[in-house]
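Undergrad: Fit chain B to the supplied structure of chain A, relying on the hints for placement.
Chains A and B supply the protein sequences, listed in that same order.
Going by the working numbering, the first sequence opens with residue 323, and the numbers climb by one from there.
Going by the working numbering, the second sequence opens with residue 151, and the numbers climb by one from there.
Hints in this document: simulated from the structure, not taken from any laboratory.
On a predicted model such as this, the values are computed, not experimentally measured, just so you know.
One or more hints might be untrue.
Said to hold, decoys possible - Negatives, chain B to chain A, calculated, CB over 12 Å:
hint, residue
1, L174
2, T196
3, H328
4, A503
5, E627
6, A644
7, P658
Claimed, not checked - SDA-like cross-link-like pairs, simulated, lysine to any residue; straight-line CA separation at most 25 Å:
hint, chain 1, residue 1, chain 2, residue 2
8, B, K657, A, A345
9, B, K657, A, T340
10, A, K418, A, T340
Positions of the beta carbon are idealized from the N, C-alpha and C atoms, including for glycine.
Residues per chain are reported as follows:
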Amino acid sequence: MRFTKDHEWVAVEGDIATVGITAYAAEQLGDVVFVEVPEVGKTVAQGEGLAVVESVKAASDVYAPVSGEVVEANAELGDAPETVNAVPEAGGWFAKLKLSNPAEVDALMDRDAYEAFLSTL
Amino acid sequence: MSMNNVGRPTRPEASNDDAGFASLSGGRGLLQDEPLIFELGGWTKTGVDLPDAVPADSALAGLTRDEPIGLPGLSEPEAVRHYVRLSQKNHAIDLALYPLGSCTMKHNPRLNEKMARLPGLSDIHPLQPQSTVQGAIELMDRLAHWLKTLTGMPAVALSPKAGAHGELCGLLAIRAAHEAAGNGHRKTVLAPTSAHGTNPATAAFCGYTVVEIAQTDDGRVDLADLESKLGDHVAAIMVTNPNTCGLFERDVVEIARLTHAAGAYFYCDGANFNAIVGRVRPGDLGVDAMHINLHKTFSTPHGGGGPGAGPVVLSEALAPFAPTPWVVHDDSGYRLVEEAVGPAAQAFGRMSAFHGQMGMYVRAYAYMLSHGADGLRQVAEDAVLNANYVKARLSDLMSPAFPEGPCMHEALFDDAWLEDTGVTTLDFAKAMIDEGFHPMTMYFPLVVHGAMLIEPTETESKAELDRFIDALRLLAEAAKAGETGRFKNAPHLAPLKRLDETLAARKPKLKWKPVAPAPLAAE
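Same shape as in the complex, but just chain A (with noise of 0.2 Å):
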């Protein structure tokens, strides 16, 4: 699993990127209320905006962590948003993307970066 700045990870499996938000960012963003997912078959760049989550707090953009097609979205997340909170890094994924550049995954921060990472916050 791999892990931006922004709090999300990214799991992959041969040309298929799960994606989701970390356990630290479900956390700060505290309930969640609403997920609202992309629809299958966008084209996403790495760093656009893939889906938004909304919590009793706030509303936040989910950023693309990698470039893709969205093969899957959760739709779960419509009838159960409160799966962001109990399994962020499992259950509580949001899409699934046909990786357009593999490379980039390899740039992104592996958990230990990604705690030193937090770290720091």
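TA: The following block gives chain B in isolation, referenced to the frame of chain A:
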């Protein structure tokens, strides 16, 4: 002697201790729950006797309603009591200090109200001949004159009806100016991280991509970051001054210079004009467009007390794109120009069906005239003085977000001082309700953790400020002493207790369901 005592006691016979008391009916004295008006009203009553409608051929074709409309029926006293009871639950500037930061909840002078109720200004209609409302149109012209004078700008669009509507007006003028100059490719708007949420929302609504400008450690726009993000793709920047941290953007002239050098326009969010009115003219700072919330700086009612009004002043470059209508006058009198004609007038359209909020124009103009130039200058001075008094008297207990130097019209604290107390900004704000005060703005601006933004305004006396500050000091000491129970369940003394915001958002429950609506009268 005559004995006319008929047995009425004159002092309480028991102690006033009401612990464990419960009323017989479940009523709560003067804190009664008020049902929705739909729950109150039957379907058969009406407060007004109207004759049956005369059947007429409808021009609505297939659109004529054939389902009951479902409006509640109440007698006049029922309707009056419902709304008066609701009003008693509402906090208002007429009840006490209202310290919402960035909102400028100042007193609404009664002279304004008297002027706004003059029949010649209130009993008029936008569609009546302009020759019959010359005074009203002249008042608009004079208001426009003083708004231009106070801001040092050559043009003003009076019609926008709120601050965000003014932002929309300003950005539409900017977009029209870029398109007229062949610069329609500029699709980015820059705004600082501390911006009001309406700034990026307005820019996005106009089709722009919003890019954030970083903030310096002392709460101002980071010039180097701004410069690195400016370029041929940028249409405008949106900067609030004084900003939402309650600080003056001291580099504002340089911000304007960099923006103009990059071919972009400078939109200033004028929500905080109250802090500088009479002292600073935004036109002198290089601003191209700025909205003025008449319901803030110029004391017209808001926060449920009345509609807003957000006139937008425009620079020489943007003036030709101002929306219609505007007022002109010549030997024949005053006139509203409804259609832009000629090269000097390239209006992008209009912001509202008519000319805007006449009642707010009258109040704002009355406020200007009753204060005069020296009075308006003192408004700004006293607003800043009051905020600094609040900041100075609370800084030993609470942590100011930007301790260095004075603030402008609002004092901003973060939640560092609550660390390890178990009390959050939200808890603290709710506990203020128990002490009889409306909470301050909380968790805004977003750049400050657990922000508490207090704007006392210039209309509070030192005595009222002291009462407010003393209550906050007692609360702060209680928080630090570990009295978490006082905070976690606050408010204790409100008709409704702490709401479960998460549950309300995830599983909203609409309480009222219609029961057996009556058939339409015609049936």
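Undergrad: With reference to the structure, classify each hint as holding or not holding.
TA: Checked hints:
Its beta-carbon lying about 38 Å from the closest one in chain A, L174(B) satisfies the requirement of being farther than 12 Å from that chain. A cut-off of 12 Å between C-beta atoms confirms that T196(B) is not in contact with chain A; the least separation is 40 Å. At roughly 24 Å, the least C-beta separation between H328(B) and chain A is larger than 12 Å, which holds for a residue marked as non-interface. No Cβ of chain A approaches the Cβ of A503(B) within 12 Å, the least distance being about 31 Å, so the stated non-interface status holds.
Every CB of chain A is more than 12 Å from the CB of E627(B) (nearest about 27 Å), matching its label as outside the interface. A644(B), annotated as away from the interface, keeps every beta carbon of chain A farther than 12 Å; the closest lies near 19 Å. Not every CB of chain A lies more than 12 Å from the CB of P658(B), the least distance being 10 Å, so the non-interface label is violated. Distance hint between K657(B) and A345(A) is fulfilled; the C-alpha atoms sit about 24 Å from each other, no more than 25 Å.
Between K657(B) and T340(A), the direct Cα distance comes to roughly 28 Å. Violation of the 25 Å bound is thereby established for this hinted pair. A hinted pair counts as satisfied when its Cα atoms are at most 25 Å apart, and K418(A) with T340(A) qualifies at roughly 4 Å.
Of the numbered hints listed earlier, those contradicted by the structure are 7 and 9.
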